[in-house]
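Residue numbers for the sequence shown follow the working numbering, so the first one is 87 and each next one is one higher.
Hints in this document: simulated from the structure, not taken from any laboratory. Keep in mind that the hints are not guaranteed to be accurate.
[As the list claims (entries may be wrong)] Heads up, simulated EDC-like pairs for lysine to aspartate or glutamate below, C-alpha to C-alpha not over 20 Å straight-line:
1. 213 - 134
2. 208 - 105
3. 130 - 189
4. 160 - 109
5. 193 - 165
6. 101 - 154
7. 156 - 134
8. 216 - 205
9. 185 - 168
10. 216 - 228
11. 213 - 165
12. 193 - 168
13. 101 - 205
14. 104 - 212
15. 130 - 235
16. 213 - 109
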Amino acid sequence: MSTYQKKQAVKKMFKIAKEFSFDMAHMLDGHDGKCQNLHGHTYKLQVEVSGDLVAEGAKRGMVMDYSDLKSVVKREILDPMDHAYIYDLNSNRESQVAKLLIDLNSKVYGIPSRTTAEEMAKYMFEKLEKVGLPVSLIRLWETPTSYCEYSR
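Work out the full structure: start from the sequences and follow the hints.
This is the structure:
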(Lines of atoms letter the chains of each structure in order from A; the text may use other names.)
(Lines give C-alpha, C1' and ligand atoms only; values in the text may rest on other atoms or scores of the structure.)
Protein backbone atom coordinates (compact mmCIF):
# COMPACT_ATOMS: atom_id res chain seq x y z
CA MET A 87 0.00 0.00 0.00
CA SER A 88 1.41 3.41 -0.96
CA THR A 89 1.85 6.25 1.55
CA TYR A 90 -1.04 8.09 -0.14
CA GLN A 91 -3.33 5.05 0.22
CA LYS A 92 -2.37 4.71 3.90
CA LYS A 93 -3.23 8.38 4.54
CA GLN A 94 -6.57 7.97 2.74
CA ALA A 95 -7.36 4.82 4.74
CA VAL A 96 -6.71 6.69 8.00
CA LYS A 97 -9.06 9.54 7.00
CA LYS A 98 -12.03 7.27 6.25
CA MET A 99 -14.81 7.23 8.78
CA PHE A 100 -18.48 6.50 8.79
CA LYS A 101 -21.27 9.03 9.18
CA ILE A 102 -24.86 8.42 10.16
CA ALA A 103 -27.66 10.94 10.53
CA LYS A 104 -31.15 11.14 11.96
CA GLU A 105 -33.85 13.71 11.24
CA PHE A 106 -36.27 15.23 13.72
CA SER A 107 -39.09 17.73 13.56
CA PHE A 108 -40.19 20.21 16.21
CA ASP A 109 -42.13 23.45 16.53
CA MET A 110 -41.10 26.60 18.31
CA ALA A 111 -41.67 30.33 18.43
CA HIS A 112 -39.12 33.11 18.44
CA MET A 113 -38.49 36.69 17.44
CA LEU A 114 -35.41 38.56 16.27
CA ASP A 115 -35.15 41.73 18.32
CA GLY A 116 -33.64 44.52 16.22
CA HIS A 117 -34.21 42.73 12.90
CA ASP A 118 -35.15 45.03 10.02
CA GLY A 119 -37.92 42.79 8.68
CA LYS A 120 -41.02 40.93 9.74
CA CYS A 121 -39.01 38.43 11.83
CA GLN A 122 -38.72 41.08 14.53
CA ASN A 123 -42.27 40.02 15.47
CA LEU A 124 -43.11 36.94 17.49
CA HIS A 125 -43.70 34.04 15.10
CA GLY A 126 -43.20 30.30 14.83
CA HIS A 127 -41.71 27.64 12.61
CA THR A 128 -41.84 23.91 12.19
CA TYR A 129 -38.15 23.10 12.17
CA LYS A 130 -36.52 20.03 10.67
CA LEU A 131 -33.28 19.06 12.38
CA GLN A 132 -30.70 16.66 11.00
CA VAL A 133 -28.01 15.48 13.39
CA GLU A 134 -25.01 13.73 11.84
CA VAL A 135 -22.49 11.82 13.91
CA SER A 136 -19.28 10.27 12.67
CA GLY A 137 -16.64 7.85 13.79
CA ASP A 138 -15.25 4.40 13.47
CA LEU A 139 -17.42 1.32 13.72
CA VAL A 140 -17.85 -0.31 17.11
CA ALA A 141 -15.60 -3.37 17.03
CA GLU A 142 -17.35 -5.68 19.50
CA GLY A 143 -20.53 -6.30 21.41
CA ALA A 144 -24.18 -5.60 20.69
CA LYS A 145 -23.39 -2.44 18.71
CA ARG A 146 -20.70 -4.11 16.57
CA GLY A 147 -20.60 -2.73 13.04
CA MET A 148 -22.32 0.54 13.98
CA VAL A 149 -21.06 4.07 14.47
CA MET A 150 -23.90 4.43 16.96
CA ASP A 151 -27.30 2.86 17.41
CA TYR A 152 -29.95 5.17 15.90
CA SER A 153 -32.12 4.73 18.99
CA ASP A 154 -29.25 5.96 21.19
CA LEU A 155 -28.82 8.99 18.92
CA LYS A 156 -32.55 9.66 19.12
CA SER A 157 -32.51 9.46 22.93
CA VAL A 158 -29.70 12.01 23.27
CA VAL A 159 -31.23 14.48 20.80
CA LYS A 160 -34.64 14.11 22.41
CA ARG A 161 -33.26 14.77 25.89
CA GLU A 162 -30.90 17.61 25.00
CA ILE A 163 -32.73 19.43 22.19
CA LEU A 164 -36.30 18.33 21.54
CA ASP A 165 -37.69 18.03 25.06
CA PRO A 166 -36.60 21.53 26.13
CA MET A 167 -37.22 23.31 22.79
CA ASP A 168 -40.27 21.69 21.20
CA HIS A 169 -43.35 23.94 21.45
CA ALA A 170 -41.40 26.55 23.40
CA TYR A 171 -40.64 30.21 22.96
CA ILE A 172 -36.90 30.32 22.27
CA TYR A 173 -35.28 33.61 23.16
CA ASP A 174 -31.95 35.40 23.31
CA LEU A 175 -30.89 35.70 26.95
CA ASN A 176 -28.99 38.89 26.02
CA SER A 177 -32.05 40.68 24.58
CA ASN A 178 -34.05 42.75 27.05
CA ARG A 179 -37.11 42.77 24.79
CA GLU A 180 -37.08 39.01 24.20
CA SER A 181 -36.47 38.38 27.91
CA GLN A 182 -39.52 40.51 28.76
CA VAL A 183 -41.65 38.35 26.48
CA ALA A 184 -40.19 35.24 28.15
CA LYS A 185 -41.01 36.58 31.62
CA LEU A 186 -44.61 37.24 30.57
CA LEU A 187 -44.91 33.74 29.13
CA ILE A 188 -43.42 32.21 32.29
CA ASP A 189 -45.98 34.14 34.35
CA LEU A 190 -48.66 32.61 32.09
CA ASN A 191 -47.24 29.12 32.68
CA SER A 192 -45.92 28.73 29.12
CA LYS A 193 -42.78 26.93 28.01
CA VAL A 194 -39.69 29.05 27.29
CA TYR A 195 -36.03 28.28 26.60
CA GLY A 196 -33.25 30.84 26.54
CA ILE A 197 -29.98 30.59 24.64
CA PRO A 198 -27.00 32.97 24.93
CA SER A 199 -27.27 34.23 21.34
CA ARG A 200 -29.72 35.47 18.76
CA THR A 201 -32.24 32.81 17.70
CA THR A 202 -31.31 32.75 14.02
CA ALA A 203 -31.06 29.37 12.32
CA GLU A 204 -27.29 29.89 12.20
CA GLU A 205 -26.86 30.58 15.91
CA MET A 206 -29.27 27.83 16.91
CA ALA A 207 -27.46 25.27 14.73
CA LYS A 208 -24.17 26.21 16.40
CA TYR A 209 -25.79 26.08 19.86
CA MET A 210 -27.24 22.62 19.19
CA PHE A 211 -23.91 21.33 17.87
CA GLU A 212 -22.06 22.54 20.97
CA LYS A 213 -24.73 21.27 23.37
CA LEU A 214 -24.65 17.78 21.85
CA GLU A 215 -20.85 17.80 21.73
CA LYS A 216 -20.69 18.69 25.46
CA VAL A 217 -22.65 15.56 26.38
CA GLY A 218 -20.23 13.39 24.42
CA LEU A 219 -22.11 12.86 21.17
CA PRO A 220 -19.62 12.59 18.27
CA VAL A 221 -21.59 15.17 16.27
CA SER A 222 -20.07 16.18 12.95
CA LEU A 223 -22.85 18.25 11.41
CA ILE A 224 -26.08 19.99 12.33
CA ARG A 225 -28.48 20.89 9.54
CA LEU A 226 -31.45 22.97 10.65
CA TRP A 227 -34.31 23.80 8.27
CA GLU A 228 -36.26 26.88 9.37
CA THR A 229 -38.68 26.52 6.47
CA PRO A 230 -39.16 23.73 3.92
CA THR A 231 -36.82 25.58 1.53
CA SER A 232 -34.29 27.25 3.86
CA TYR A 233 -31.67 25.62 6.04
CA CYS A 234 -28.40 26.26 7.82
CA GLU A 235 -25.50 23.86 8.28
CA TYR A 236 -22.95 23.97 11.09
CA SER A 237 -19.90 21.73 11.36
CA ARG A 238 -16.28 21.92 12.39
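Cross-check of the supplied hints:
| no. | hint | result |
| --- | --- | --- |
| 1 | 213 - 134 | holds (14 Å) |
| 2 | 208 - 105 | holds (17 Å) |
| 3 | 130 - 189 | violated (29 Å) |
| 4 | 160 - 109 | holds (13 Å) |
| 5 | 193 - 165 | holds (11 Å) |
| 6 | 101 - 154 | holds (15 Å) |
| 7 | 156 - 134 | holds (11 Å) |
| 8 | 216 - 205 | holds (16 Å) |
| 9 | 185 - 168 | holds (18 Å) |
| 10 | 216 - 228 | violated (24 Å) |
| 11 | 213 - 165 | holds (13 Å) |
| 12 | 193 - 168 | holds (9 Å) |
| 13 | 101 - 205 | violated (23 Å) |
| 14 | 104 - 212 | holds (17 Å) |
| 15 | 130 - 235 | holds (12 Å) |
| 16 | 213 - 109 | holds (19 Å) |
Hints 3, 10, 13, counting from the list given before, are not met by this structure.
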